[in-house]
Amino acid sequence: QSALTQPASVSGSPGQSITISCAGTSSDIGRYNYVSWYQQHSGRAPKVIIYDVYDRPSGVSDRFSGSKSGNTASLTISGLQTEDEADYYCGSYASSSTWLFGGGTKVTVL
Amino acid sequence: QVQLVQSGAEVKRPGASVKVSCKASGYRFSDYYIHWVRQAPGQGLECMGWINPKSGRTTYAQNFQDWVTMSGDTSISTAYLELNRLKFDDAAIYYCARVGPAGITLDSWGQGTRVTVSS
Chain P
365 QSALTQPASV SGSPGQSITI SCAGTSSDIG RYNYVSWYQQ HSGRAPKVII YDVYDRPSGV
425 SDRFSGSKSG NTASLTISGL QTEDEADYYC GSYASSSTWL FGGGTKVTVL
Chain W
622 QVQLVQSGAE VKRPGASVKV SCKASGYRFS DYYIHWVRQA PGQGLECMGW INPKSGRTTY
682 AQNFQDWVTM SGDTSISTAY LELNRLKFDD AAIYYCARVG PAGITLDSWG QGTRVTVSS
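Sequences listed follow chains P and W, in order.
Just so we're aligned: the first sequence equals residues 365 to 474 in my numbering.
Just so we're aligned: the second sequence equals residues 622 to 740 in my numbering.
Treat the hints with caution; some may be incorrect.
Label-pair restraints from in silico Cβ distances [what the hints assert, rightly or not]:
1. W:D710 <-> P:H405: 47 to 57 Å
2. W:T695 <-> P:T383: 18 to 28 Å
3. P:G434 <-> W:A723: 24 to 34 Å
4. P:R427 <-> W:A661: 28 to 38 Å
Here are the simulated DSS-like cross-link-like pairs (lysine-lysine), alpha carbons at most 30 Å apart as the crow flies [what the hints assert, rightly or not]:
5. W:K640 <-> P:K432
6. W:K640 <-> W:K708
7. W:K675 <-> W:K644
8. P:K411 <-> W:K675
9. W:K675 <-> W:K640
10. P:K411 <-> P:K470
11. P:K411 <-> W:K644
12. W:K708 <-> P:K411
13. P:K470 <-> W:K708
14. W:K708 <-> W:K633
15. P:K432 <-> P:K470
16. W:K675 <-> P:K470
17. W:K708 <-> W:K644
18. P:K411 <-> P:K432
19. W:K644 <-> W:K633
Keep in mind the hints are simulated off the structure, nothing from the lab.
Note that the Cβ used here is the ideal one computed from N, Cα and C, for glycine as well.
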């Protein structure tokens, strides 16, 4: 199975909202509500910020929200802050032998 | 708190093998799957596979099943990733990560182990 498809980059000004899309297929995102989003700051390990499409781990800002429509999942960052500048990866369970990641989206705060 | 601590950076020649460790603490190691994820320089994340520490059962992604071995030792709460017949293209950061209790997600990650392949 192919990787999930994300835009290479998204930018926004402080205070704005941005949305990152993650396109899959009916075999992964479309089939399961097991989409996660990971934030990775430069030189650091990834950190989960959204799991099971909508849920936020304890301690993650409520400015991050997730959604799904058909075969595409989305991550919205509201009230963009400079600390949100990072790479963001979507991930999805696809079968008992397959987990997929997106190619990553670089978020730039202008 | 949950912690995954990986072994240090490695430099290997092409054709060699390397074994990366991932020591878990803060939870019962045998209760949760450990995944391994590769990140090549400047690239995205790639799932290599996972191990069920309790049973030792492994599942490998198609791109890795012929040259990677995952194992675990519950007595010391440590998972291992062995990379065989290294090529220049295998230079990357290798992460271990746990599938936790909250959902189907990787909720805790190791700090990563950089493997360099150089002649």
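Status of each hint after checking the structure:
no., hint, in the structure
1, W:D710 <-> P:H405: 47 to 57 Å, "violated, 26 Å"
2, W:T695 <-> P:T383: 18 to 28 Å, "violated, 43 Å"
3, P:G434 <-> W:A723: 24 to 34 Å, "holds, 25 Å"
4, P:R427 <-> W:A661: 28 to 38 Å, "holds, 30 Å"
5, W:K640 <-> P:K432, "violated, 39 Å"
6, W:K640 <-> W:K708, "holds, 15 Å"
7, W:K675 <-> W:K644, "holds, 15 Å"
8, P:K411 <-> W:K675, "holds, 25 Å"
9, W:K675 <-> W:K640, "holds, 20 Å"
10, P:K411 <-> P:K470, "holds, 15 Å"
11, P:K411 <-> W:K644, "holds, 18 Å"
12, W:K708 <-> P:K411, "holds, 29 Å"
13, P:K470 <-> W:K708, "holds, 28 Å"
14, W:K708 <-> W:K633, "holds, 9 Å"
15, P:K432 <-> P:K470, "holds, 20 Å"
16, W:K675 <-> P:K470, "violated, 37 Å"
17, W:K708 <-> W:K644, "holds, 26 Å"
18, P:K411 <-> P:K432, "holds, 20 Å"
19, W:K644 <-> W:K633, "holds, 22 Å"
Taken one by one, the earlier hints fail for this structure at numbers 1, 2, 5, 16, listed in ascending order.
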